[in-house]
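Colleague: Could you build all of it, start to finish, from the sequences and the hints given here?
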Amino acid sequence: MSNKPTAKPTKSERTRAAILEAARELFTEFGYQAATVRDVAHRASIDPAMVIRYFGSKEELFARAASIRLNVPQLKVVDSQAIGETLVRHFLNLWEGPESSCGMAVLLRSAASNEFAAEKMRDVFAAQVRPVVASVGDPATAARRAGLVSSQLLGLAMCRYILRLPPVVDLSQVEIVRAIGPTLQSYVMATDEDAMCKI
1 MSNKPTAKPT KSERTRAAIL EAARELFTEF GYQAATVRDV AHRASIDPAM VIRYFGSKEE
61 LFARAASIRL NVPQLKVVDS QAIGETLVRH FLNLWEGPES SCGMAVLLRS AASNEFAAEK
121 MRDVFAAQVR PVVASVGDPA TAARRAGLVS SQLLGLAMCR YILRLPPVVD LSQVEIVRAI
181 GPTLQSYVMA TDEDAMCKI
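Heads up: the sequence shown at position 159 corresponds to 159 in UniProt numbering, and the numbers run straight through without jumps.
Think of the hints as simulated: they come from the structure by calculation, not from any bench. Among the hints, a few may not be true.
[To be verified] Subject to a maximum C-alpha distance of 25 angstroms in a straight line, what follows is the list of computed SDA-like cross-link-like pairs (lysine to any residue):
no.	residue 1	residue 2
1	Lys76	Pro182
2	Lys76	Thr86
3	Lys76	Leu154
4	Lys58	Arg43
5	Lys58	Glu13
6	Lys11	Ile46
7	Lys11	Arg53
8	Lys76	Val177
9	Lys76	Arg130
10	Lys58	Asn114
11	Lys8	Arg64
12	Lys58	Glu115
13	Lys76	Ser186
14	Lys58	Phe125
15	Lys58	Phe30
Modeller: Here it is, written out as structure tokens:
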């Protein structure tokens, strides 16, 4: 019994995909404020009205272009001594692995100068990082611990992928894991607020 052939994308699906690809490229290159609907349409080789037809507004287009699933590992099943290294490796793979997502770059480029983008970034980390961090420590300190973890990961991403600082870009993944893993370990496994204040 032969498998059914995969259906080819419709013209509408191809247009939507082209718009999203153009939007991700432009939002990553120029940020939310500078990239316009007209710019997106030009890069996608369509009329600007088509962008609005498919996505309704620039805000909705940005939200779709910046959609992210971090798929943070379930830390409860990770060796408690390897949590920091596990997190660093996972986020490096999000940026550099075969299934890397453009959404992180879109958000990070725009969040520094646009409140809408910054809110989206906060939502992602509140919904996807905080619960995982809370699962391996005191839930009462989860917000602070997750915030400290996020500060390290976003700082690394900004320097390595957006600003492209040569000393950081030149680091191998192994070197990054060795350098940052212990810091994340201390943040995630801090047992109380007093301990975190000493970090």
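Colleague: Taken at face value, is the distance from the CA of Glu115 to the CA of Lys58 at most 25 angstroms?
Modeller: holds (14 angstroms)
Colleague: Next pair to validate is Lys8 with Arg64; report whether the Cα-Cα distance is within 25 angstroms.
Modeller: holds (22 angstroms)
Colleague: Checking one constraint from the list: CA of Lys58 to CA of Phe30, max 25 angstroms. Satisfied?
Modeller: holds (14 angstroms)
Colleague: Quickly compare the C-alpha distance for Lys76 and Ser186 to 25 angstroms and report which way the hint goes.
Modeller: holds (16 angstroms)
Colleague: Between Lys11 and Ile46, does the CA-CA distance stay at or below 25 angstroms?
Modeller: The given pair, whose Cα atoms are some 13 angstroms apart, holds under the 25 angstroms limit.
Colleague: Taking only the CA atoms, is the gap from Lys11 to Arg53 under or equal to 25 angstroms?
Modeller: holds (14 angstroms)
Colleague: Check the hint pairing Lys58 with Glu13 against an upper bound of 25 angstroms on the C-alpha distance.
Modeller: Answer holds: Lys58 to Glu13 is near 19 angstroms, not above 25 angstroms.
Colleague: Quick one, are Lys76 and Leu154 close enough, alpha carbons at most 25 angstroms?
Modeller: holds (23 angstroms)
Colleague: For the pair we were handed, Lys58 and Asn114, check the Cα-Cα distance against 25 angstroms.
Modeller: holds (13 angstroms)
Colleague: For a C-alpha distance cap of 25 angstroms, please report whether Lys76 and Arg130 respect it.
Modeller: The hint holds at about 13 angstroms.
Colleague: Is Lys58 close enough to Arg43, meaning Cα to Cα at most 25 angstroms?
Modeller: holds (15 angstroms)
Colleague: Is Lys58 within 25 angstroms of Phe125, Cα to Cα?
Modeller: Holds, at roughly 23 angstroms.
Comparing the model with each numbered hint stated earlier shows that all of them hold.
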